[in-house]
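Visitor: The lines below spell out each chain.
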Amino acid sequence: MNPGKILLVEDNPDDVALTLRALKSHNITNDVVVAKDGVQALDYLFGAKGSPAAAELPAVVLLDLKLPKINGMEVLQRIRADERTRLLPVVILTSSDEERDVIDGYKLGANSYVRKPVDFVEFTEAARQLGLYWLLMNRAPPAPRSG
Amino acid sequence: MSLRDWPIKKKLTALFMLISSLVLLLTAAAFVTYEVLVIRQRTLTNLSTLGRVIAANSTASLAFANEADAREILSALRAEPHVVAAGLYDKNGRLFSRYPANLPGDALPAVLERDGYRFESGYVIGLEPVAEPGNPRLGTLYLKSDMEAVSRTLRLSAAIGAGVMAISLLAAYLLAAVLQGRISQPILALSAAAAAVATRQDYSVRAQKLGDDELGVLTDAFNQMLGRIEEQDRELRRYATELEQRVADRTHELEERHEALRRNAAELLAANTELDAFAYSVSHDLRAPLRSIDGFSQVLLEDYGPRLDESGRESLQRVRAASQRMAILIDDLLKLARVTRSEMRTEPVDLSKIARDIATELHRSTPERQVEFAIAPGLEARGDARLLRVALENLLRNSWKYTAKQPQPRVEFGSVQGNGERVFMVRDNGAGFDMQYADKLFGVFQRLHSADEFEGTGVGLATVRRIITRHGGRIWAEGAVDRGATFYFTL
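Those protein sequences? They're chains A and B, same order as listed.
Residue numbering for the first sequence follows the numbering used here, beginning at 200 and increasing consecutively.
Residue numbering for the second sequence follows the numbering used here, beginning at 1075 and increasing consecutively.
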């Protein structure tokens, strides 16, 4: 099995560090690509001036909502609008469980919505379960033919 | 124009004239009748006097049958032109002599009637006995006189009467024309005033008073009435103006209030929007640093725990506990804010069922606790199901929490009637509270127990009150320390 990459879209370096630590502590060794804002996430997926789109799509996108420049919802919208990334598993991983965020997230086609627990032990457990589920248990959609 | 439509002046004049004419006519008739009667009587008297004189003169001529003498005597009648015929008859009723001499024989009666003077078919007839006093009767004198004198007198009287009447009527007309004004003028004045009132609604006009008679009284009464009406009219106008002013004032006031309300609503909306943005920001941003604090404390514990002494590790644990408590606090505050921000959907809600569900959930979450729930069946209300669930959950969870130290914990949900409305209640036999602090129960962050005794953020009951208030209800509590608490609410 080809270990897919994880695209972590997160602007808070603390959260990035904690997430990476949580994943690592559960032996989830997949590559984690970190995008610090919406623009970087979109550039990675679709390419930008001077840098082509990633040849291979990540196995899952862990998407924060409050992001600089382009926020998470818009990133999700763009992912779902593009034929190549339409089926890409996206998990919203954010601080808030505001009802409208949850509803908007699912409306825009998020596959899952997870609120980051404050308790780091719980956070680690959540990361473990996410990795386990999306990287191992979940049958990913077939990779689109590159063209 | 019918008589009753005549103007009053004309009516009065006509009335005067009618009465005057009638009176004059009657007077004239009486006068003429009297004249006629007097003249007839005088005619009879004159003729009988003449008859007696002629008869006295004729005794000799009859006694001696002297026809020429008789003729002579009768011819003296020429001086009385109204005597048209005369005849002297002897004692046997034979015509002895006639006047005028050429009178045809059949012009005198052949047979004489009884003596005396009378009117007969337009003439006066007289039969006078001819006799010497104390001697037997010698004959009879017949006289026939026309009524020319009577007619003449009658004509004269009639002429005089007509003249007097004409002059009198003229005088009466002139007098009437002048005097009717005395009566008609006040009436006309009244009429003009009434017309002015009727057509112009001018209540300030007054009828001119022209005397103290009944019309004067009527005029006074009319003027008084007008005065009263004018006063009332003025008052009415004043009221109307006042009313208009009041309506205008009230309208203005309402407009101002409406404006204030609109401003308030706009402010509220702005505040709500701000609160929304604030809550959203808190939800996202305030938790992140806490996660870092807790996370890196845990990292420290995991990576450097062995190098720290017990006190250092405990400190880190305290940092973690504090950050987690703060996270709960933030969550509770967000829930409270959500209660205020969320839209209300009113529908029938089965409170009993919600209470049972919550009880089941509580038992499942803490299976080691044995709490007796007494939930009255069929308690229904209209409200927002989600919010009411939050309220009941807070109340029941409270009871659950505060009965923790009770050997036989019991929580009751039911309703009582109070002041004609249904009052719901949640009662427990737990720690209770001092009634002295009853008003502090529902304040945000207000707690009557320390965190050591019972955990809590002091937001739950504030949330409950917010929900009940949003439903237009009230909430209050009764209790005593260690004797349980009862929360009452209406919806």
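If you are wondering where the hints come from, they were derived from the structure by calculation, not from laboratory data.
Just so you know, not all the hints are guaranteed correct.
Lysine-lysine pairs mimicking DSSO-like chemistry, simulated, CA-CA at most 30 Å apart [what the hints assert, rightly or not]:
| # | chain 1 | residue 1 | chain 2 | residue 2 |
| --- | --- | --- | --- | --- |
| 1 | B | 1514 | B | 1475 |
| 2 | A | 223 | A | 235 |
| 3 | B | 1409 | A | 306 |
| 4 | A | 265 | B | 1427 |
| 5 | B | 1427 | B | 1475 |
| 6 | A | 235 | A | 204 |
Visitor: Next step is simple, just say for each hint if it's right about the structure.
Guide: To see whether the hints hold, each was checked on the structure:
1. Between residue 1514 of chain B and residue 1475 of chain B, the direct Cα distance comes to roughly 19 Å. Compliance with the 30 Å bound is thereby established for this hinted pair.
2. A C-alpha spacing of about 20 Å is found between residue 223 of chain A and residue 235 of chain A, which places the hinted pair at or below 30 Å, so the restraint holds.
3. Restraint check for residue 1409 of chain B and residue 306 of chain A: satisfied, since their Cα atoms lie roughly 23 Å apart, inside the 30 Å limit.
4. A hinted pair counts as satisfied when its Cα atoms are at most 30 Å apart, and residue 265 of chain A with residue 1427 of chain B does not qualify at roughly 39 Å.
5. Taking the CA atoms of residue 1427 of chain B and residue 1475 of chain B, the gap is about 21 Å. The hint holds against a cut of 30 Å.
6. Of the supplied pair hints, the one linking residue 235 of chain A and residue 204 of chain A holds, its CA atoms being roughly 16 Å apart against a limit of 30 Å.
Checked against the numbered hints listed earlier, the structure breaks hint 4 alone; every other hint is satisfied.
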